[in-house]
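Residue numbers (numbering that gives the first Met the number 0), protein chains in the order written: chain A, 0 to 68; chain B, 0 to 68; chain C, 0 to 68; chain D, 0 to 68; chain E, 0 to 68; chain F, 0 to 68.
No lab work stands behind these hints, which were simulated from the structure alone.
Mixed in with the good hints there might be a few duds.
[What the hints assert, rightly or not] Quick list of in silico lysine to any residue cross-link-like pairs, SDA-like style, CA-CA up to 25 Å:
no. : chain 1 : residue 1 : chain 2 : residue 2
1   : E       : K24       : A       : K36
2   : B       : K50       : A       : G9
3   : A       : K36       : D       : S67
[Claimed, not checked] Cβ pair distances, simulated, as ranges:
no. : chain 1 : residue 1 : chain 2 : residue 2 : range
4   : D       : R32       : E       : S67       : 44 to 54 Å
5   : F       : A13       : E       : K65       : 39 to 49 Å
6   : E       : V31       : F       : D11       : 15 to 25 Å
7   : C       : E21       : E       : E62       : 19 to 29 Å
8   : F       : A13       : C       : D11       : 17 to 27 Å
9   : C       : D11       : A       : K66       : 43 to 53 Å
No residue lacks a Cβ here, since even glycine has one placed at the ideal position from N, Cα and C.
Listed here are the chains, written in short residue letters.
6 protein chains.
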Amino acid sequence: MPFVNIRLTGGDEAPTREQKAELIKGVTDLLVRVLNKNPANLVVIIDEIEKDNYGIGGVTITELRKKSS
Amino acid sequence: MPFVNIRLTGGDEAPTREQKAELIKGVTDLLVRVLNKNPANLVVIIDEIEKDNYGIGGVTITELRKKSS
Amino acid sequence: MPFVNIRLTGGDEAPTREQKAELIKGVTDLLVRVLNKNPANLVVIIDEIEKDNYGIGGVTITELRKKSS
Amino acid sequence: MPFVNIRLTGGDEAPTREQKAELIKGVTDLLVRVLNKNPANLVVIIDEIEKDNYGIGGVTITELRKKSS
Amino acid sequence: MPFVNIRLTGGDEAPTREQKAELIKGVTDLLVRVLNKNPANLVVIIDEIEKDNYGIGGVTITELRKKSS
Amino acid sequence: MPFVNIRLTGGDEAPTREQKAELIKGVTDLLVRVLNKNPANLVVIIDEIEKDNYGIGGVTITELRKKSS
């Protein structure tokens, strides 16, 4: 029954359809295994965030990727 | 004054502009009626989620729709 | 199937158990009526926020209530 | 680097400290494995929600538990 | 280490890349200054919301902009 | 008019009432300055998260604090 929201970078870093299905399956299995939750109502939402809109340490991911490349 | 976030499937299941306006009006009226809240600062945000990004019971909505069709 | 999050002030402004049940019922009915959604998986979460932790216009609700009393 | 938010029922249904640590570890490992993400900045937040504040299908968890007991 | 989510109108009201970088830098500096937080893991996510999907006082921003123009 | 949510550790790391007021004022001023937003409807909510419920890099803050002390 829990609700899970996963927020990660999209665009050219977006997960594939298969990876998203695997994340949804994996996090559901984890909650069932650890907490014995009923999976029936367990909701997972994945948000893909543009790299200009995601910041770590005061810098956008766009900038971080430039520095590390 | 409350804040409300409604997250639902988008794409070919997305609500129309009229339906979104009706949801925003309806949830605002509900909070005013039940809690006597001032509607002036009552904020509602609707997020439309791709069916690949929304999972229930460990399966994406994309897969669920295939099974039920 | 949608997910709804309602965030409002708690403490001495918290809704009663009956009001919370009425909000959950009301917002579910609204989504069923406007969007014809299946209510079975429709999740609503209410968060009660302390007045020191909720700001409007740059001022906490704690301060706003003092000014208006 | 992703951000994950897990929202589940608290109170007498709250996970133990060990279970919460296991969830945080498990979801981090999942994202590293599936998406090859750097775990260093991967943030997980667990919110425990009162059963009066969590609704499914228009009914609070408090009510659902009564019916199923 | 805190997590910050900023939700604002997108489309023709969307902030520029430079403004988004400035917001991310600004809110990070604020949290470092006021709370002495380590900026290294401080995450900021900006969500741009369509004007049809954002309501204030029961009315969408789309409608509000028409009235005020 | 934007909505801002700040999530940080509570308990013995919780900000004081004055710090929370300063954060709310500061983030509101930032959005007004950078984006020229109307502060009237600008909402800020601060969530204080228990250290057992907040994880970075797969480890709870509770564990991280032990290691660094």
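Hints, one by one, checked against the model:
1. E:K24 x A:K36: Not OK: K24 (chain E) and K36 (chain A) at ~40 Å, beyond 25 Å, violated.
2. B:K50 x A:G9: holds (15 Å)
3. A:K36 x D:S67: With Cα atoms ~15 Å apart, K36 (chain A) and S67 (chain D) stay inside 25 Å; holds.
4. D:R32 x E:S67: 44 to 54 Å: holds (50 Å)
5. F:A13 x E:K65: 39 to 49 Å: Holds, since A13 (chain F) and K65 (chain E) (Cβ atoms, about 43 Å apart) stay within the stated range.
6. E:V31 x F:D11: 15 to 25 Å: holds (20 Å)
7. C:E21 x E:E62: 19 to 29 Å: holds (27 Å)
8. F:A13 x C:D11: 17 to 27 Å: holds (20 Å)
9. C:D11 x A:K66: 43 to 53 Å: The hinted range 43 to 53 Å holds for D11 (chain C) and K66 (chain A), with Cβ atoms some 49 Å apart.
When each numbered hint is compared with the structure, a violation occurs for hint 1 only.
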